[in-house]
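Since the structure of chain Z is already known, use the hints to place chains U, Y and V on it.
Chain by chain, the residues:
4 protein chains.
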Amino acid sequence: MTALLSREEIEPVLTGSRFHQFLGIRLEEINDQSITIRLPYNELFYTSADGYIHGGILATVIDIAGYFAVFSRLNQPVPTVDLKIDYLRPGRAGDLLFTATVVKLGRTVSIADIVATDVSGKQIAIGRGLFSSKQE
Amino acid sequence: MTALLSREEIEPVLTGSRFHQFLGIRLEEINDQSITIRLPYNELFYTSADGYIHGGILATVIDIAGYFAVFSRLNQPVPTVDLKIDYLRPGRAGDLLFTATVVKLGRTVSIADIVATDVSGKQIAIGRGLFSSKQE
Amino acid sequence: MTALLSREEIEPVLTGSRFHQFLGIRLEEINDQSITIRLPYNELFYTSADGYIHGGILATVIDIAGYFAVFSRLNQPVPTVDLKIDYLRPGRAGDLLFTATVVKLGRTVSIADIVATDVSGKQIAIGRGLFSSKQE
Amino acid sequence: MTALLSREEIEPVLTGSRFHQFLGIRLEEINDQSITIRLPYNELFYTSADGYIHGGILATVIDIAGYFAVFSRLNQPVPTVDLKIDYLRPGRAGDLLFTATVVKLGRTVSIADIVATDVSGKQIAIGRGLFSSKQE
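Protein chains in written order, with the UniProt record's numbering: chain Z, 1 to 136; chain U, 1 to 136; chain Y, 1 to 136; chain V, 1 to 136.
Everything labelled a hint here was simulated from the structure, so no lab data went into it.
Every value quoted in this text rests on a predicted model; they were computed, and no experiment measured them.
Note that CB positions come from ideal geometry on N, CA and C, so glycine has one too.
Any given hint could turn out to be false.
Here are the computed lysine-lysine pairs in the DSS-like style, where the Cα-Cα straight-line distance is at most 25 Å [claimed, not checked]: (1) 122(Z) <-> 104(U); (2) 134(V) <-> 104(U); (3) 104(U) <-> 134(Y); (4) 134(Y) <-> 134(Z); (5) 134(V) <-> 104(V); (6) 134(Y) <-> 104(Y); (7) 104(Y) <-> 104(Z); (8) 104(U) <-> 122(Y).
Taking beta-carbon pairs under 10 Å as the criterion, some of the chain Y residues facing chain Z (in silico) [unchecked claim]: (9) 105; (10) 106; (11) 108; (12) 111; (13) 132.
Next comes chain Z alone, as it looks inside the complex:
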């Protein structure tokens, strides 16, 4: 399942919105199997109580990674329909990587699996997202 879009075509869309710029996310890698997004360390995203990254930030970038995995194969808007996140363990402070793989490209709904890992390579959260891929 080759990506339809190249890095050069995906990057401006990924970093084009102010909210994504605020997050600081960058396209780390794209290949035939998956797409990886980097979330640089930002102290704001960590809870003061325990130094762990906020679950909402993980959910946000998991959503984005899944979206772009599907988008890179279809080159059309693929609004998230349903998103499930499982939080595995607290992550170390530092950059995080989000790797998304397309599980199904469907005429109605497409599915992507997303894994979030911290700098030590430990999986800290996994997600599964359904994205609307209706051909207009």
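Leaving out everything else, chains U, Y and V in the frame of chain Z:
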């Protein structure tokens, strides 16, 4: 299932972290059935492409609302274990309300249902969260 | 959101397949808000170890109830896309009721919430299902 | 993550309940990474309308496969807490294989990923299950 904590006890925890202050969330209402959190309008959270609020922001505040529904009954940290979000329809720009109801208070895991509504009262997303409520 | 189909129209579809006949499910009630399906007690569905009903049977009838909630409003096949089940507590041996409510009727995907209760009225499991409702 | 239990120890538990005997499921393979369960073809499980296997049967065996993946590593009852199924495509009539991999072994909750494939090797459904693994 009465809340264990009062508004006065919950508010400082809800607004105590820099990330929650950044979001601008406020405790709107708490009663025996549910807790409601308000997310004031912030242009940053809307995508430039279509003027719709970013799904990650919805996921983030859905997570927070569910967390505080369970927290208000147990008065202990209740880390999110699993979160499912279904996006129902785009919302209008404006303040959003997130109402969370506890479905189950368990010795291992507790469950909350969360509904996000826009200013017109339309449901724009629903969530179901599992929170670790193991008594130490 | 009124049901399109009457009890007389739904019942033959619900009990028309051999698998549904094997389960013994019956249409208990249908009204403008919801549809309720009864699963009569069957010793086979209970695990010998602990006398609790098998989670797979709960998942099966939760799926069916959600399907028929959406089907009754659209009168077209609505294959299940995604199903989430949360098991709340073990149920008492006896008939079970599964009440399904449509949360969203969409042009691509529709959503139903399902609650399974035992004879004592206790909720034993909840489900949320996404059903393909693409108009052909 | 080596399995704690051998094939000889798992098989009698898997096939010990009347409901599992009714399904006809058998332990196909167990290795350090995963456990695979076979569901032999049974006409009863297929819907008369379209010849497709009933989604409830898929959910049932996905649940069982995930349960036994976690059980084989912990050797204690691990009741299902939460189960999510995504239906990918209709399967061909025939035996089905369900392969479950443990994603996380936790002190409170463990997670397994399950893939259901038909005889042609096509993935027809995927599941993610949370199982209670509280040490008593």
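### Hints that the structure is at odds with (numbers, increasing)
Of the numbered hints, 1, 3, 9 do not hold.
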